[in-house]
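Asks: When you get a sec, could you build the whole thing from the sequences and use the hints?
Number of protein chains: 2
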Amino acid sequence: MWIVRVNMTDLTYSVGETPKAYEYLAGRAMTSNLVADEVPPLCHPLGPNNKVVFSPGIVTGTPAPTAARISVGAKSPLTGGIKETNAGSSWGADLADMQVKALVIEGQPKQKGKYWGLYITYDQAARKPKVDFFDASEFTGKPLTQVFPKIYERYGDKISISGCGMVAEHGYSNAGVVFNDQEKRATRYAGRGGVGSVLASKGVKLIVLNREGVPGVEIKDKALFEEGNNKLTDALRTHAITKPKGALNSYGTAVLINILNEAGGLPTRNFSSGRFEGAAKIAGEAIFDGVKNRLGKEVYNHACSPGCIIQCSNTWFKADGSEHASCVEYESAWALGADCGIDSLDDIAELIRLCNEYGLDTIETGTTIAVAMEAGVIPFGDGKGAINLVHEMGKGTPLGRILGSGTETTGRAYGLIHVPTVKGQSMPAYEPRAVKGIGITYATTTMGADHTAGYTIAPEILGVSGKQDPLSQEGKAALSRNFQVATAFIDSSGHCLFIAFAILDIASGFQGLIDECNGVYGTKWTSDDINAYGAAILKKERAFNEAAGIRQEADRLPEFMRLEPLPPHNQVFDIPDEALDSVYGQL
Amino acid sequence: MWIVRVNMTDLTYSVGETPKAYEYLAGRAMTSNLVADEVPPLCHPLGPNNKVVFSPGIVTGTPAPTAARISVGAKSPLTGGIKETNAGSSWGADLADMQVKALVIEGQPKQKGKYWGLYITYDQAARKPKVDFFDASEFTGKPLTQVFPKIYERYGDKISISGCGMVAEHGYSNAGVVFNDQEKRATRYAGRGGVGSVLASKGVKLIVLNREGVPGVEIKDKALFEEGNNKLTDALRTHAITKPKGALNSYGTAVLINILNEAGGLPTRNFSSGRFEGAAKIAGEAIFDGVKNRLGKEVYNHACSPGCIIQCSNTWFKADGSEHASCVEYESAWALGADCGIDSLDDIAELIRLCNEYGLDTIETGTTIAVAMEAGVIPFGDGKGAINLVHEMGKGTPLGRILGSGTETTGRAYGLIHVPTVKGQSMPAYEPRAVKGIGITYATTTMGADHTAGYTIAPEILGVSGKQDPLSQEGKAALSRNFQVATAFIDSSGHCLFIAFAILDIASGFQGLIDECNGVYGTKWTSDDINAYGAAILKKERAFNEAAGIRQEADRLPEFMRLEPLPPHNQVFDIPDEALDSVYGQL
Chain A
-2 MWIVRVNMTD LTYSVGETPK AYEYLAGRAM TSNLVADEVP PLCHPLGPNN
48 KVVFSPGIVT GTPAPTAARI SVGAKSPLTG GIKETNAGSS WGADLADMQV
98 KALVIEGQPK QKGKYWGLYI TYDQAARKPK VDFFDASEFT GKPLTQVFPK
148 IYERYGDKIS ISGCGMVAEH GYSNAGVVFN DQEKRATRYA GRGGVGSVLA
198 SKGVKLIVLN REGVPGVEIK DKALFEEGNN KLTDALRTHA ITKPKGALNS
248 YGTAVLINIL NEAGGLPTRN FSSGRFEGAA KIAGEAIFDG VKNRLGKEVY
298 NHACSPGCII QCSNTWFKAD GSEHASCVEY ESAWALGADC GIDSLDDIAE
348 LIRLCNEYGL DTIETGTTIA VAMEAGVIPF GDGKGAINLV HEMGKGTPLG
398 RILGSGTETT GRAYGLIHVP TVKGQSMPAY EPRAVKGIGI TYATTTMGAD
448 HTAGYTIAPE ILGVSGKQDP LSQEGKAALS RNFQVATAFI DSSGHCLFIA
498 FAILDIASGF QGLIDECNGV YGTKWTSDDI NAYGAAILKK ERAFNEAAGI
548 RQEADRLPEF MRLEPLPPHN QVFDIPDEAL DSVYGQL
Chain B
-2 MWIVRVNMTD LTYSVGETPK AYEYLAGRAM TSNLVADEVP PLCHPLGPNN
48 KVVFSPGIVT GTPAPTAARI SVGAKSPLTG GIKETNAGSS WGADLADMQV
98 KALVIEGQPK QKGKYWGLYI TYDQAARKPK VDFFDASEFT GKPLTQVFPK
148 IYERYGDKIS ISGCGMVAEH GYSNAGVVFN DQEKRATRYA GRGGVGSVLA
198 SKGVKLIVLN REGVPGVEIK DKALFEEGNN KLTDALRTHA ITKPKGALNS
248 YGTAVLINIL NEAGGLPTRN FSSGRFEGAA KIAGEAIFDG VKNRLGKEVY
298 NHACSPGCII QCSNTWFKAD GSEHASCVEY ESAWALGADC GIDSLDDIAE
348 LIRLCNEYGL DTIETGTTIA VAMEAGVIPF GDGKGAINLV HEMGKGTPLG
398 RILGSGTETT GRAYGLIHVP TVKGQSMPAY EPRAVKGIGI TYATTTMGAD
448 HTAGYTIAPE ILGVSGKQDP LSQEGKAALS RNFQVATAFI DSSGHCLFIA
498 FAILDIASGF QGLIDECNGV YGTKWTSDDI NAYGAAILKK ERAFNEAAGI
548 RQEADRLPEF MRLEPLPPHN QVFDIPDEAL DSVYGQL
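Residue numbers (our numbering), protein chains in the order written: chain A, -2 to 584; chain B, -2 to 584.
No lab work stands behind these hints, which were simulated from the structure alone.
What you were told as hints is all true, and nothing was included just to trick you.
Since the list gives no way to pick out one identical chain from another, each pair is judged satisfied if it fits inside one copy or across any two copies.
Pairs of lysine to any residue residues, derived as SDA-like cross-links and limited to a Cα-Cα distance of at most 20 angstroms, are as follows:
(1) Lys109 - Asn46
(2) Lys107 - Glu561
(3) Lys107 - Ala372
(4) Lys392 - Ile375
On a predicted model such as this, the values are computed, not experimentally measured, just so you know.
Replies: In structure tokens, the structure reads:
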């Protein structure tokens, strides 16, 4: 198993054995350890000493279900702290199948503004991956639909593509790293924290993997792996949220819009209300019905990456039946919809399409536009105005650069106090004043405001692993801690976080996850080991952040959420600081 | 002695006795203690819980020489930490003469965008200050030369004026608090850290003081005060830097341009060199000669505030002999000149005039334009382009808002790594790679990069209190600490920091400072007490910053200064972190 290091200062690379200490690290565990061990915490995120680390999870590339996640790690230009953000793509599976545990992009070209592509193949003679560099100048400054097809044309069908969009070339703090989906589109993003700009700062525009002749992931105990695979597959196929034609497969993640709106926890018009009167018009059900109406048939969702059996990815179509955008996720529909007061799925789809074209994180983009709306740049609800703002970002105009720098910077530029960020990263689609546990996750995770870091929505809203009152403080610090620990492991396993619904409710599914990982590694991990593994990641990340000057004072929500009650529940965020500090304090 | 509190939530005020614990606090000691005691460290700087505190120094308002400083304190929107910034103006003397120890602006109007003026008079019957509120709408959105004359017209000649410019209404992090000079111009700024925007966030546009019938500062031991006054006056009149027709009186603070250029420590073109080929054209000598040439006579400098005997403030004139701008300080001439590669005093004067008109900090404005120049927004050396950028700031265009948010935000918006800031505040006119001690001050002061916080330039460059090698690390942490401690006291005394040259070299001058303060307060402070007083302020400020999440990891210079050697000395900033941490660690 290899660690491939690409040095962009002198365009060289090395393929080395994975060090013993990193033997069992993968996904988030690998990216966070590598970043914490090798990146100076106080370096400039866009400078020569930052690194971009790609790492597939433990079971990525295997036949395990819903397990093609690829983690991207770096010091974040958005938060100034450590960042892991992951996506599902054949790219991750291909890297894993090359037996690469981590791809590390280091250094920085002397000449600014020159971009390269990496073409990584598997040298069957040498039984090692091999890196070639190509001039990527012709692919810069272009929407990604003008880039990806050309790469497929040049390198053929056995490839997967990663890279960054034109906004990363601008150095925006909200630029993501993009991966191809199953339809060869540039739609799958490791979106958060500006890792796209870190990649661009290395002079890397594209990373193309060719899976020709790859050996595949080595599985130490095939029988155990198979057993785990079956258990987890059964659980996923059984659970109401993840089963075929279940909630996610039918309505996508946007099934949550109506649910959160009902719960009064759907942040609306820059976090000024927990209810959006236009919610039903942008919800998963409306997407399903809209597609049915426009295509004349019921369309269930599809996989974003190889081997996914949940299949929650959708495509939105124009009135004439032509494809408009994929994927209309809950987070995107909320950020570019409810949070901006926009209730048109066509406008939202166009906004998502543009984010994909330019390489933007849809969450940060939506929350930023909402702040710009509060500042009076355009009115709330102005879908066409919002589309124009995303074009400004693409073009790199001064207004685009404010917005591309993220929600916090936009709030600063307009002198606003309603700026829904933690550690510089904007909050996702759950209102902390209405769902207290997720507020604890936002406040305390090493990642900046991030729902995926400890998704307490499962019990607080969805009743997964027991129902908890979202408005109650009771036990929520421990809940968030437990979810953050478990998540750190899942983010390392290579599985999509959405397996959590099934494994939380179905014990055999959880055992299946452990069996799979033990199958690959030949280990004998128990659930305690899994927890220790997750906790170790969090501690490592936390230590990096502290050395970067991000300490417990940064584990707080913005002041306005403590001062201003949120309709309809008219509650403030009232979790005491001591409870917040106990999350990592008692790790 | 009074503390006047104005509550802008409901337009009320109170005049209360100074609490015992604050009895000997004044100037920076008062503002920093009040802010640290009353402002929640994690509050939003522009929110209802921040406060703006004005406090005259111990001897402000007395006949002490060069002692009309007024401190302005708040949580800074630029740094997120505590901020004290001071200016010399009759306004400070008038507030002191009303026997007001602190004026505290609190709360926030519900209605955003509505501005008020405060008219503060001395009620001779009640023997107390009195506050009236007036609608200041008509004074918003205008350059200050269209505001100050109208206020003098309305309230007569016995007034002094403070307030904020139009950029503070935009909420910029680089907006200062302005005060009148002796010619009734809006030219004296407590410029750093965005305190102007904090004032504007309170809905306060103007604070007018009418000195009619003021009782004056109470002096407990008049004889001792007089003795101190004489000693200090003698020292100031004797020292080569501060004496009449000495360095400052002849050439102004810009006398430093040639000196720092010679030393290779004049930051040029966004801190890419320590030498500027156009230095001589913008130096104090060039100002003196230019004015002589245009007016046909030698003009020595004038006082910026009542009672100043150093008199370093100048005025620049146009070719036709009409007034152009005041004052062309070293910092302004450097920031808007050398750091931008601009060598025209006419362009620099126009830039300074505009900063005064709009309410901008000239240092932050210049360093920000330099960063924009590096980003390619306009070329280095483009004076007319720079003037246009300041207009953009005034207008509040998107580009203006980026720049108005300061140097660090501008660096972020353009994805640059050469961003010369500490704790979010831009560095002033001394290169840390060429003058190591001042780099330690920049890194460690509670204020963000700030030369005035511990002006080691005195020994490192000017040979005041003994000459030290600017390139040496030897003893520099202790030097910076000692200067920071002494400065904290001088900033509380009400004296201009420029008395430091004379009191460092002339022992009787230093004793004079102590005698004056003891005279006013009836105390028996020794030099040890003075040091303890200064150290206590620093500790208080530091504690506030730590509670705001600004800890020792923030006591660092930007990475590029450790990586990239600076011509002509080709040195990096090489002070070890341990030395930096010892500055406050051993306080």
